[in-house]
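Student: Protein sequence lines, in the order shown, are assigned to chains L and S.
Residues 1 to 383 (my numbering) are what the first sequence spells out, left to right.
Residues 1 to 130 (my numbering) are what the second sequence spells out, left to right.
Simulated from the structure, these hints should not be mistaken for lab results.
Note that the Cβ used here is the ideal one computed from N, Cα and C, for glycine as well.
Check before you lean on any hint, since a few could be wrong.
Said to hold, decoys possible - Residues from chain L that keep clear of chain S, each with C-beta distances beyond 12 Å, as calculated:
| # | residue |
| --- | --- |
| 1 | E55 |
| 2 | D69 |
| 3 | Q96 |
| 4 | T130 |
| 5 | P132 |
| 6 | E134 |
| 7 | R172 |
| 8 | P195 |
| 9 | P252 |
| 10 | F299 |
| 11 | V312 |
| 12 | R315 |
| 13 | L319 |
| 14 | Q382 |
Claimed, not checked - Taking lysine to aspartate or glutamate and the DMTMM-like style, the derived pairs with C-alpha atoms no more than 20 Å apart in a straight line are:
| # | chain 1 | residue 1 | chain 2 | residue 2 |
| --- | --- | --- | --- | --- |
| 15 | L | K151 | S | E94 |
| 16 | L | K301 | L | D316 |
| 17 | L | K306 | L | D274 |
| 18 | L | K184 | L | D16 |
| 19 | L | K151 | S | D91 |
| 20 | L | K151 | S | D13 |
| 21 | L | K151 | L | D274 |
| 22 | L | K301 | L | D251 |
| 23 | L | K151 | S | E49 |
Letter by letter, the chains look like this.
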Amino acid sequence: MDRVAIIGASMTAFGDRDAWLLALLAEAGDAALTDAGVDGDDVDHLYVSNMASGEFEGQTGVPNALAHDLAAMPAYTARIDQTSSSGGAGIYAAWQSVASGASDLTLLVGGEKMTHRTTGEATDVIASLTHPVEYKHGVTLPSFAGLTARKYLAQYDAPRESLGKVAVKNHRNGLDNPHAQFRKEVDLETVLDSPMVADPLRLYDFCPITDGSAALVLCPESVAAEYTDDYVVISGVAGATDTHVVHERDDPTTMRGVVESAEQAYEMAGRGPDDIDVAELHDMFTILEFLQSEDLGFFEKGAGWKAVRDGVTDRDGDLPINTSGGLKSKGHPLGASGVAQAYELYQQLLGTAGDRQVDAEVGLACNVGGFGNCVTTTILEQP
Amino acid sequence: MSDDHDSTEPGLDAHRCENGHLSYPGHARCPDCGAPQTETVDLAERTGEVVTWTTSTATPPGVREPNHLAIVEFEVDGEAVRALGQLTTADGIEIGAAVDPVYCAELRAPGAGIREPESQRWDGYRFEPA
Ligand SMILES: [Zn+2]
Chain L
1 MDRVAIIGAS
11 MTAFGDRDAW
21 LLALLAEAGD
31 AALTDAGVDG
41 DDVDHLYVSN
51 MASGEFEGQT
61 GVPNALAHDL
71 AAMPAYTARI
81 DQTSSSGGAG
91 IYAAWQSVAS
101 GASDLTLLVG
111 GEKMTHRTTG
121 EATDVIASLT
131 HPVEYKHGVT
141 LPSFAGLTAR
151 KYLAQYDAPR
161 ESLGKVAVKN
171 HRNGLDNPHA
181 QFRKEVDLET
191 VLDSPMVADP
201 LRLYDFCPIT
211 DGSAALVLCP
221 ESVAAEYTDD
231 YVVISGVAGA
241 TDTHVVHERD
251 DPTTMRGVVE
261 SAEQAYEMAG
271 RGPDDIDVAE
281 LHDMFTILEF
291 LQSEDLGFFE
301 KGAGWKAVRD
311 GVTDRDGDLP
321 INTSGGLKSK
331 GHPLGASGVA
341 QAYELYQQLL
351 GTAGDRQVDA
361 EVGLACNVGG
371 FGNCVTTTIL
381 EQP
Chain S
1 MSDDHDSTEP
11 GLDAHRCENG
21 HLSYPGHARC
31 PDCGAPQTET
41 VDLAERTGEV
51 VTWTTSTATP
61 PGVREPNHLA
71 IVEFEVDGEA
81 VRALGQLTTA
91 DGIEIGAAVD
101 PVYCAELRAP
111 GAGIREPESQ
121 RWDGYRFEPA
């Protein structure tokens with residue numbers, strides 16, 4: 001089967017942006033089309049990854065608006081909402097559109113506008129994905145992270161400091177990312193002394209609230225070279241779900257959606273965990289980086305924290321994780337994050353990551369929605 | 001689907017399928033085996049055990065702050081079933097602690113958050129050290 005290539009990519013500055021959602025999407029979409037050297041009217045399918053434009057901004061019908069702004073009519077458009085993993089789900093939808101032959105050229109743009117809301121309001125919009133029996137107790141996604149972190153530390157005899165080291169590492173990486181929301185180093189003491197948010201997790205264990213957008217242009221691999229010499233291929237992509245109600249999982253420290261989507265993506269790519277040279281994981285909370293690094297098969301269950309402690313996942317380690325700075329330092333505009341993960345891998349595989357550059361031929365991105373409720377895993381490779 | 005499977009149920013009813021699996025809340029089909037859930041088991045009069053807990057200090061509109069939360073496991077005829085709920089206090093709470101459900105008429109202020117007030121119940125059970 002003809003594989004699917006990514007021939008253009010972009011991301012906007014992430015952070016506290018003056019622009020509203022449509023302008024953010026247009027900024028990233030325009031830049032990705034330029035990067036690929038194609039026009040709006042070359043686009044057959046246009047997908048927008050976004051969780052909650054109606055709830056955050058009162059703007060719906062966003063994909064059609066973007067097609068108009070980018071002169072992409074009469075492209076087919078659709079919105080992809082899978083909460084925090086909308087970006088990864090958008091990659092899967094965009095891949096399907098090209099792999100099926102329905103589209104010869106697909107533009108995927110992920111984005112979210114959030115910072116005009118208070119932290120409480122934004123947290124509530126995200127928490128609205130929970131079941132009524134969860135929502136009525138005031139549970140938030142950070143609360144799930146606190147519940148899971150306490151269980152993980154106890155179950156695997158991991159020290160609290162180990163979580164802090166994820167934040168220190170990813171902030172260090174983000175220092176070299178010109179698009180990142182926070183470009184400052186933090187030391188372990190700062191993380192461990194920051195205000196408690198969801199015991200035992202503190203402020204620096206959490207990603208910020210962010211505005212931003214990222215975009216990819218996809219086509220069949222067989223014609224990619226007609227557009228550009230610089231492209232990567234999607235060798236594996238898959239998605240899976242876990243329980244909606246988080247407490248119904250037998251083992252709170254295992255994310256079955258990560259396990260299942262990774263197994264399928266590895267099989268499709270003919271790859272395994274040992275083949276991955278660089279990974280972008282969904283570190284919305286520090287604890288999530290441990291869970292994913294284990295559930296993706298990089299490390300034994302309960303050993304992810306030791307890998308971070310020992311520097312294995314540092315930029316100069318055996319398996320660099322979140323060279324972009326991750327959601328932790330780069331920021332987490334919900335619908336954009338999964339697309340921005342692929343943007344980082346695209347740069348790493350093309351050798352254009354600048355000071356963040358590592359030696360990589362195969363990269364993996366894991367994008368997590370809800371608290372592991374829905375997950376997509378994508379494997380990108382050099383052609 | 002009977003009213004027993006309504007996700008807006010006020011109580012702490014676990015739902016049991018014909019193969020003996022339990023879930024809280026109920027679902028249209030048993031998450032373990034896909035069979036219909038045919039009966040309920042009230043957990044409100046039982047003592048449970050804390051699986052894990054947290055104290056949330058950044059709570060959304062209408063939610064008490066700080067908000068102590070726990071995942072609690074109950075054992076019913078050798079079958080485990082879990083529920084998430086607020087704790088009345090974090091004092092004396094640790095993994096493995098025994099807790100009892102206590103009724104609360106309003107767990108968070110309806111209408112303060114984004115969820116439509118009429119779409120669900122707002123009463124339920126908190127957990128208190130046994
Ligand atoms: Zn069953």
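Student: Which numbered hints are broken by the structure, listed smallest first?
Tutor: Numbers 1, 4, 5, 6, 8, 9, 16, 20 and 21, in rising order.
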